[in-house]
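Those protein sequences? They're chains A and B, same order as listed.
Following numbering that gives the first Met the number 0, the numbering of the first sequence begins with 0 at its first residue and continues without gaps.
Following numbering that gives the first Met the number 0, the numbering of the second sequence begins with 0 at its first residue and continues without gaps.
The set of hints was computed from the structure by calculation and includes no laboratory data.
Keep in mind the model is a prediction, meaning the values are calculated, not measured.
A few of these clues could be false.
To be verified - The calculated label-pair distances, taken between Cβ atoms and stated as ranges, are:
#: 1; chain 1: B; residue 1: GLY58; chain 2: A; residue 2: LYS113; range: 20 to 30 Å
#: 2; chain 1: B; residue 1: GLU89; chain 2: A; residue 2: LYS113; range: 40 to 50 Å
#: 3; chain 1: A; residue 1: LYS107; chain 2: B; residue 2: LEU137; range: 37 to 47 Å
#: 4; chain 1: A; residue 1: ASN17; chain 2: B; residue 2: ASN83; range: 27 to 37 Å
#: 5; chain 1: A; residue 1: LYS107; chain 2: B; residue 2: THR128; range: 48 to 58 Å
#: 6; chain 1: B; residue 1: ASP13; chain 2: A; residue 2: VAL111; range: 34 to 44 Å
#: 7; chain 1: A; residue 1: LYS75; chain 2: B; residue 2: LYS114; range: 47 to 57 Å
#: 8; chain 1: A; residue 1: SER7; chain 2: B; residue 2: ASP121; range: 13 to 23 Å
#: 9; chain 1: B; residue 1: LEU137; chain 2: A; residue 2: ASP35; range: 42 to 52 Å
#: 10; chain 1: B; residue 1: THR123; chain 2: A; residue 2: ASN17; range: 27 to 37 Å
#: 11; chain 1: B; residue 1: TYR92; chain 2: A; residue 2: ASP64; range: 42 to 52 Å
#: 12; chain 1: A; residue 1: GLY49; chain 2: B; residue 2: THR123; range: 20 to 30 Å
Every residue, glycine too, gets a C-beta built ideally from N, C-alpha and C.
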Amino acid sequence: MKLKQVRSILDAEVLAGNDNLDSEIYSACGADLMSDVLASKDQKSLLLTGLTNVQVIRTAQIIGDVRCIVFVRGKKPCEEILKLAEQSGITIMRTKYPLYVACGLLYKNGLVCKESD
Amino acid sequence: MDEYILTFDVKAKDFERAGEVSTNIRKILKQLSIDPEAVKKAAVACYEAEMNIVIHSYGGKIKLEVNFDRIRIIAQDNGPGIENIDLAMEEGYSTATEEIRELGFGAGMGLPNIKKNTDFFDITSQKGTGTIIVMEILF
Chain A
0 MKLKQVRSIL
10 DAEVLAGNDN
20 LDSEIYSACG
30 ADLMSDVLAS
40 KDQKSLLLTG
50 LTNVQVIRTA
60 QIIGDVRCIV
70 FVRGKKPCEE
80 ILKLAEQSGI
90 TIMRTKYPLY
100 VACGLLYKNG
110 LVCKESD
Chain B
0 MDEYILTFDV
10 KAKDFERAGE
20 VSTNIRKILK
30 QLSIDPEAVK
40 KAAVACYEAE
50 MNIVIHSYGG
60 KIKLEVNFDR
70 IRIIAQDNGP
80 GIENIDLAME
90 EGYSTATEEI
100 RELGFGAGMG
110 LPNIKKNTDF
120 FDITSQKGTG
130 TIIVMEILF
């Protein structure tokens, strides 16, 4: 799925990384616990979360395969996140949907969760 | 590859910068053209160890050593130490405060996650002195 499809399915606002909307993503993960994101073996090209502090983008940088972070419930991430996102080429969006609904909408449209080897 | 050694300071309770050391180490390992899977494992293990220093200790250091077949990361802190290591190794056990949990950490997954991502893992802790974690990832 392309990031611009994610934007349209979630009716999301792009806050950083507008140039990468043609990037293709293959998997997604929804979590508020960054330790769980770090512990799971899924490929995480898209991360959906309700957490808005700087640890979210640090976790994405550490994992290395996150192309986009979507903040749910209309939450606005801190400025530091947007700055680090621009530096590391990660697209940032926000949607008004809650985490459960946002994940469900993407899953229903074919974006599933893939385990890496 | 020539041996590569670098040491970084980690400040206690500096949540804004927590993770910077691990992000830098990830960049260095990538520049050394090490296998991406090994880099990812090292970065995740290092990040968990760095967060532990920030959250639980009075400050510490992370030392990175790379030689021809392995990445070795040593995380050493001055701190209260871990009272019961067996308990700390259990998934879900945590002594972190509510404030830490709000950051998305303190889920009790740190040490188990470090073990999962390393080929060699050793932890020694002394109450009142601090904790040393040695992690190795082969590539």
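To see whether the hints hold, each was checked on the structure:
no. : hint                               : verdict
1   : B:GLY58 with A:LYS113: 20 to 30 Å  : violated, 39 Å
2   : B:GLU89 with A:LYS113: 40 to 50 Å  : violated, 29 Å
3   : A:LYS107 with B:LEU137: 37 to 47 Å : holds, 41 Å
4   : A:ASN17 with B:ASN83: 27 to 37 Å   : violated, 50 Å
5   : A:LYS107 with B:THR128: 48 to 58 Å : holds, 54 Å
6   : B:ASP13 with A:VAL111: 34 to 44 Å  : holds, 38 Å
7   : A:LYS75 with B:LYS114: 47 to 57 Å  : violated, 37 Å
8   : A:SER7 with B:ASP121: 13 to 23 Å   : violated, 50 Å
9   : B:LEU137 with A:ASP35: 42 to 52 Å  : violated, 26 Å
10  : B:THR123 with A:ASN17: 27 to 37 Å  : violated, 49 Å
11  : B:TYR92 with A:ASP64: 42 to 52 Å   : violated, 29 Å
12  : A:GLY49 with B:THR123: 20 to 30 Å  : violated, 37 Å
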